[in-house]
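Using the UniProt record's numbering, you'd call the opening residue of the sequence shown number 1 and step up by one each time.
Be a bit skeptical, because a hint or two may be false.
Here are the simulated lysine-lysine pairs, PhoX-like style, with alpha carbons at most 25 Å apart [to be verified]:
#1 Lys60 - Lys45
#2 Lys45 - Lys69
#3 Lys69 - Lys42
#4 Lys101 - Lys60
#5 Lys45 - Lys101
Label-pair distances were calculated between CB atoms; the ranges are [said to hold, decoys possible]:
#6 Thr83 - Arg130: 47 to 55 Å
#7 Ile126 - Ser214: 20 to 28 Å
#8 Gly211 - Phe109: 56 to 64 Å
Treat the hints as calculated values from the structure; they're not laboratory data. Every residue, glycine too, gets a C-beta built ideally from N, C-alpha and C.
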Amino acid sequence: MPIFFQRRAENLKIQSANLKKFTTIPQNALRASLEVSYLIGKTMKPNTIGESLILPAATKMTSIMHGDKYGIELKTIPLSRDTVSRRISEMSRNIESEVIKRIQNPSVFALQLDETTDITKMSQLIAYVRFIFNEDITETYIYFYVAKVWKEKQLEKNIRNVTFDGTWLTRGHSSQIGVGCVIDLLTGFVMDFEIMSKHCIECEHAKSGLGENSAEFHVWYEGHISSCAINHVGSSCAMEQEAALKLWQRSEDSGKHINI
């Protein structure tokens, strides 16, 4: 019996040594894991690429160039999918906290929001910040949100999540024609648009031929007013707001509710 327990004790020592050997990761391997995980996250590659491609390729190249001994050492670098995902999350949280600290120090900073839709038809909101750090202007984003909007749910409730934008025919604030568009965030398609105009070519021709103050022109205008292209009176800058209001009222009248 004492021999049995002695052998068991020796086996436990060997297993403990082996376990310590495999669970203790060299400092250089940890640094390499962090650097590779950073590159994977920066290039937006799948987290599985570290274990499936990068590590085997690096091991093969090192074995060819410097021998199998050095190639085998690379296998101690942890690059599994979960490890890469965890390291990217840790680095993201660290970067976010550092940016927030740097924003709090300067007396002024600029914040900009922008929305877009990715190839999977998911709406996204990004927040950019610009501030002064070490006497240099630094720009980065501090917030990223993906709105998971399901098309089936929207169709059932007859509700659309949209964005609105307006533009003008010519630059400046004196354009005679402008247009406003409502864009579906889920599909990226233009759902509706409204053309705003302060100019009608038919009216110009009638004024030139009949005279603006003539009785003939007023009689002609009474029959033309329903089809006149002029639908905006005021500044060109106000075209965008008026177009948005008309589009929203039109969607309510048709029973298609929109969230801008």
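Hint check:
Restraint check for Lys60 and Lys45: the C-alpha separation of about 21 Å stays at or below 25 Å, so the hint holds. Among the hinted pairs, Lys45 with Lys69 is inconsistent with the structure: their alpha-carbon atoms are about 29 Å apart, more than 25 Å. This hinted pair does not check out: Lys69 and Lys42 have alpha carbons roughly 31 Å apart, beyond 25 Å. Note on Lys101 and Lys60: the hinted pairing is violated, with a Cα-Cα distance of about 43 Å set against a maximum of 25 Å.
Taken as a hint, the Lys45 and Lys101 pair is broken in the structure, with Cα atoms around 29 Å apart against an allowance of 25 Å. Evaluation of the 47 to 55 Å hint for Thr83 and Arg130 yields a failure: the beta carbon distance comes to about 34 Å. A hinted range of 20 to 28 Å is violated for the C-beta pair Ile126 and Ser214, which are about 58 Å apart. Distance hint check: the CB atoms of Gly211 and Phe109 are about 60 Å apart, consistent with the given range 56 to 64 Å.
Violated hints for the displayed structure, listed by number in ascending order: 2, 3, 4, 5, 6 and 7.
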